[in-house]
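*Asks:* This is what each chain is made of:
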Amino acid sequence: MTTFLVMALAFVLAACGSSGSSDNKDQTAASETRVLETVKGDVEIPVDPQRIVTDYYAGEVLAVAGNLVGADSDAFTHPFIQDQLQNVTDLGTPMNVEKIVELAPDLIITMYEDHYEEYSKIAPTLYIPWDATSDIKSALELFGDITGDPEAAAAFAAEYDQTVADAKEQLKDVVDENTTVGIYELTADDKLWVFGKNFGRGGQVLYDALGFKAPEKIQKDIMEGDGYSEISKEVLAEYAADYMFMTVYDPENTGTAMAKLQDMSIYKNLDAVKNDTFFVNDFDKFYRYDPIAIREQVKLFTALFLEKAE
Amino acid sequence: MEHVLQSKAHKFRLILASSFALLIFTFVFSINTGASSMSPAEVVQTFLGNGTNQQNLILYEFRLPRIVLSVLVGMGLAVSGCVLQSVSRNALAEPGILGINAGAGLAILFFVTLIPTGVLSAAYFVPLFALSGALLAAVVIYVLAFKRQEGIMPTRLILTGVAIQAGINAAMIVLTLRLTPERYETVALWLAGYIGTTSWDYVLALLPWMIIILPFVYYKVNVLNLLNLGDQLAVGLGVDLEKERRLLLFAAVCLAAASVSVSGSISFVGLIAPHLARQLIGGKHQYYLPVAALLGGLLVLLGDTLGRALLGPTEIPAGIVVAVIGAPYFLYLLARSKV
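Sequence order for the protein chains is A and B.
Take any residue in the first sequence, count from 1 to its spot, add 28: that is its number in this note's numbering.
Take any residue in the second sequence, count from 1 to its spot, add 259: that is its number in this note's numbering.
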């Protein structure tokens, strides 16, 4: 949380208007710039960037209708933005600098500080650490400001609020409001993690948007702690919730870690397993936390709850 | 006798010249290779000052420093390997096996974990951190391998190195678990030996080490030759064994640490380049050090160039390409040797 506050302070975005377009009629809006104050000092960026390149933040940029021209390879496994990536170039992971140069971007947004100097040689670059925002609204606000399109950000926020309101309406009589939910992740090397609300995996959807509670143990140990933690499988029961959502990080798709867990009596004796409210969710769909992913996750979770209620 | 010596010197010049020619050839190939397609004509035009802004940027800011860095790193690691092999009189010695890379890696991990982003300029401070970590590892290994009556036993040096390395690697795994995703990427790429984030800053940070230490090692070729003869013989010929060992070890550690701090953990170069050189020209250090240095530079440059070219746009870290080239060759060497 402190990191977020520091970032919020550092990112007090100073929109300083245009620099030198008033006296020259030939200059188009695209070449107007403004100065943004960042942790890396002042950066002069276009008021209305036309060619944005980003690693990691493709979902954020597209949510505010930014003109994305290049993104890192991870964006191309993002299940909810595929149709918007038709004309976007895959730049590899980490992004290939020569490919970026060829795209002639006018704004680069990166999460990786290591590459900041390199990218800065190509175009104005904003370094935004992965924990710069803590919820969908502040993410929309930040990126709406960066791309010079706060209206698009506001429009997305309104649409999102509507999606959430619809979901709540549908769930009103289906799920008790005191129901507890928990988010878990199993990795291919048999490690078990519990997540709070700010680490993707649908945390913001369940706890913020839909307003469910975490079990007391998760509330105290995880949410009021680091926000995520590895736990031993033996204590999984202590972290159990009425509805349990698990993602499996298994890049090679072996399925053995999950099979092993399902074989354990600790798993079999969970109330959620007995009640059939233990869900294994698709990793790619659930682990992201950009505005588009979160909006879609609202629908996915709603569908899961409704399905169980039938 | 004179004839033999002359022909040896002649062979040396021939091999040195052909390694250099190969390096130049790879350099030209590398200059023309990249995710952005620049024809050789365009490259030449850019060098002549007629390039577009984009071409200048790609060539001068991204490709050239990376190429220079690859060559320097390869030379540093190869010479470090030569020295370690001679000092320990063990053909398997190289910075990676001796735990020096691991020491540097741990220090870099501390840098990445503990120093808030942007406080220190990474290009200049990472080599210093790496050096302190590598030196610390080297000192610990040296002290543990030291026995009062016998001094440093080469075998014990290797075994201690392997043990220390295992310990450091375990510590690194524990530390990486606690990293944020963005910092984890830095460390993971470093561990794979990735010469990706380059700029002239890194070249400038590495260059002083090379300029000071490479000539120093070459100045010590006769000591290295004597060390190869075995401890007793070397002492008998008037070498202050422990002092020279310490000095040379220190030089090897500095070379390796400075190299891996900018390139990440590239193993095998320090092992293979000396072996290749020795096969080509024999074990006299005045011949075999320069050849090994050139071959090391060639190997890393080739590795990085192939890594850039093979799977666009995502690159394969040079360390992995070098290992893919190096491992089979090394197995071949083992199969051929009579040991």
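A hint or two may mislead.
[Stated by the list, open to error] To give an idea of the chain B side of the interface with chain A (calculated C-beta under 7 Å), a few residues:
id, residue
1, GLY293
2, ALA294
3, SER295
4, THR311
5, GLN313
6, LEU316
7, ILE317
8, TYR443
9, ASP499
10, PRO572
11, THR573
What the hints contain is simulated information worked out from the structure, not anything from laboratory work.
C-beta atoms are modelled at their ideal positions from N, C-alpha and C, and glycine is treated no differently.
*Asks:* Each hint needs a verdict: does it hold in this structure or not?
*Replies:* Comparing the hints with the structure gives:
Because the beta carbon of GLY293/B sits about 5 Å from the nearest beta carbon in chain A, less than 7 Å, this interface hint is met. Look at ALA294/B: its Cβ gets to within about 4 Å of chain A, closer than 7 Å, so that hint holds up. A distance limit of 7 Å between C-beta atoms decides the matter here; for SER295/B the minimum to chain A is near 4 Å, and the interface restraint holds. For THR311/B, the suggested interface contact is broken, since its CB lies about 10 Å from the closest CB of chain A, more than 7 Å.
A distance limit of 7 Å between C-beta atoms decides the matter here; for GLN313/B the minimum to chain A is near 5 Å, and the interface restraint holds. At a threshold of 7 Å, the smallest CB-CB gap from LEU316/B to chain A is about 5 Å, leaving the interface hint in force. Interface hint status for ILE317/B: upheld, as the beta-carbon distance to the closest one in chain A is roughly 5 Å, under 7 Å. Below 7 Å, beta-carbon pairs count as interface contacts, and TYR443/B has none with chain A, the closest being about 10 Å; its hint is therefore violated.
Checking ASP499/B against chain A: minimum C-beta separation of about 44 Å lies over 7 Å; hint violated. At its closest, the beta carbon of PRO572/B sits 3 Å from a beta carbon of chain A; the interface hint therefore holds under the 7 Å criterion. At its closest, the beta carbon of THR573/B sits 4 Å from a beta carbon of chain A; the interface hint therefore holds under the 7 Å criterion.
The structure fails to meet hints 4, 8 and 9 from the earlier list, while all remaining hints are met.
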